[in-house]
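Undergrad: If you want the building blocks of each chain, they are given just below.
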Amino acid sequence: MKQQEFFTSRWALIIATIGIAIGTGNIWRFSRIVAQNGGGSFLIPWVVFLLIWSLPLIIAEFAIGKSARYGPVGAIAKTAGRQFGWMGAFIAFVAAAIMFYYSVVTGWCLRYFLSAASGSLFDIADHLIYWETFSAGYQPLMFHTISILLVAFVVLRGITKGVEKVTRLLVPSLLIILIILLVRAVTLPNAVEGIKYFFTPDINIILDHKVWLNALTQNAWDTGAGWGLIMAYAIYMRRREDISLNAALIGFGNNTVSIIAGVTIFSTVFALSSVDAMEQVAKSGPANTGLTFIYLPMLFEKITPSSTLNIIFASLFFIALFFAAVTSLISMVELATRTIIDFGVKRRRAVILVASAAILLGIPSAVNMNILVNQDWVWGVGLILSGAFISFAIIRYGVDKFRREVINGYGSDVQIGKWYNYVIGILVPLQVVILISWWLISSVSWEPEWWNPFLMENAGTVIFQWAVVIGFFMAFNKLIVNNTLNENQSG
Amino acid sequence: MELSTILTMIFVIGVVVGGLGFFLSRAVKYEKLKAKNGED
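So the protein lines, in turn, are chains Y and H. The first sequence begins at 0 in numbering that gives the first Met the number 0 and counts up one residue at a time. The second sequence begins at 0 in numbering that gives the first Met the number 0 and counts up one residue at a time.
Just chain Y, same shape as in the assembly (with noise of 0.2 angstroms):
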């Protein structure tokens, strides 16, 4: 199939991938993982796994998406050869998979910003309990679907009207937000002694081996590298396009993007809380909202002594969140919906028929917590497979000729250098053997019927819901593969 339509500019295809990397995760898992492991000590174990894990995977979805121009199914099954085509359907579901929660998580955004920008959120006595009935009830169900179809509408005008206009208007938006709620939190009486604690580290911490796997899985999952949602975005990028360096933008973009959250976080947190102030950052909450939706309300009351101002600073909060959100629920649509456009079904089409199988399978998410947790669970852990699958089909494409070839092939920039192949070839395949090991293991540990398939969130829930939906893939992969290969593909 001719690839049609492109981003316009390297500025609106970086803007846009910055939308994918910067999430809900940057703004408030990072800051209580950072809180759960030493502050300062999980810093220098993040920045050295940004280099060895995320930036070249980043890498390589640029070269994998951008040579291939076929989503995850096609991309892998011409890099790897046609027999793992799974493995791209794999990739493709995880997002999708995580689409379906992710839009409900987009929706408490939504709704916690209207209750700032109206006051109301400022008129409740308990938090907890606010909450808890908002969870509860129909509301959730109802701000995923409005997300959803908002997305949908996004997703269906196309690369160029719809994705690149809407990023570069969210995107910049989202970081003069950051900035503003950054300058407010330094300047905040005793916010010095957050900005210590973020930044002092503990040399019996840094030693502590799950220190480090924490820092691995939060670079996994706060960059987007091995997602397969760069590697849809790739599919636009015009040929001159350079690849290395727009990935290295995309990483060290992210990361500053976190720090600055970070910085936001811990300097409001120490100033305006008492003195259980890290317990309450490391505090994870019902699905591990509660620093965000329940104990940062609290502290907007009093970052001023003007009441307007508080609820212009959270309700400032609370849309930068519901940005993030939206920029990043944007790829995800957008993969899905590349994936069936693959199938050669027109766009249209293909948008709402994600659309509603979005809205359908987010309902369960939508309103029952513990499904959301399970699903977070098994997926959150399936990205890390989905990585080994990139690097898996670079390492059968031949990493020297893909390095070569690819990635510093036609419209690059900067030449990588011999380093990558030891990077991709690996480092990141050892990483993912770590990783996914001790995440299981550890599941043993917290679980005794760690087996059982249908407990929330232990090892035998992802293996089971894995091996079906691998399984399943690998059964139809000809099917699969055979109709996204075809030329007949309607764009």
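Just so you know, the hints here were simulated from the structure itself, not pulled from any lab data.
Just a few of them, taken from the derived set where beta-carbon distance is under 8 angstroms, the chain H residues facing chain Y:
1. M0
2. V11
3. I12
4. F22
5. R25
Distance condition first, Cα-Cα at most 27 angstroms in a straight line; then the derived DSSO-like pairs of lysine-lysine:
6. Y/K164 <-> H/K31
7. H/K28 <-> Y/K164
8. Y/K417 <-> H/K28
9. H/K33 <-> Y/K400
10. Y/K345 <-> Y/K164
11. Y/K345 <-> Y/K477
12. Y/K160 <-> Y/K345
13. Y/K417 <-> Y/K400
14. Y/K164 <-> H/K35
15. H/K33 <-> Y/K164
16. H/K33 <-> Y/K417
17. Y/K160 <-> H/K31
18. Y/K195 <-> Y/K209
19. Y/K160 <-> H/K33
20. Y/K301 <-> Y/K195
Just so you have them, the derived chain Y footprint on chain H, three or more residues with Cβ under 8 angstroms:
21. 13-21
22. 26-37
In this text, a Cβ means the ideal position worked out from N, Cα and C, and glycines have one as well.
Let chain Y serve as the given structure and place chain H on it in line with the hints.
TA: Only chain H this time, still in chain Y's reference frame:
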């Protein structure tokens, strides 16, 4: 502030934000070069 805090701050901000600044300046440079050469 302790020396270890300052060193960590320099390392983390230096690598991450410094890396972003470095690669951004390279991207701007190459983009200008491509525009000058009339590449599309």
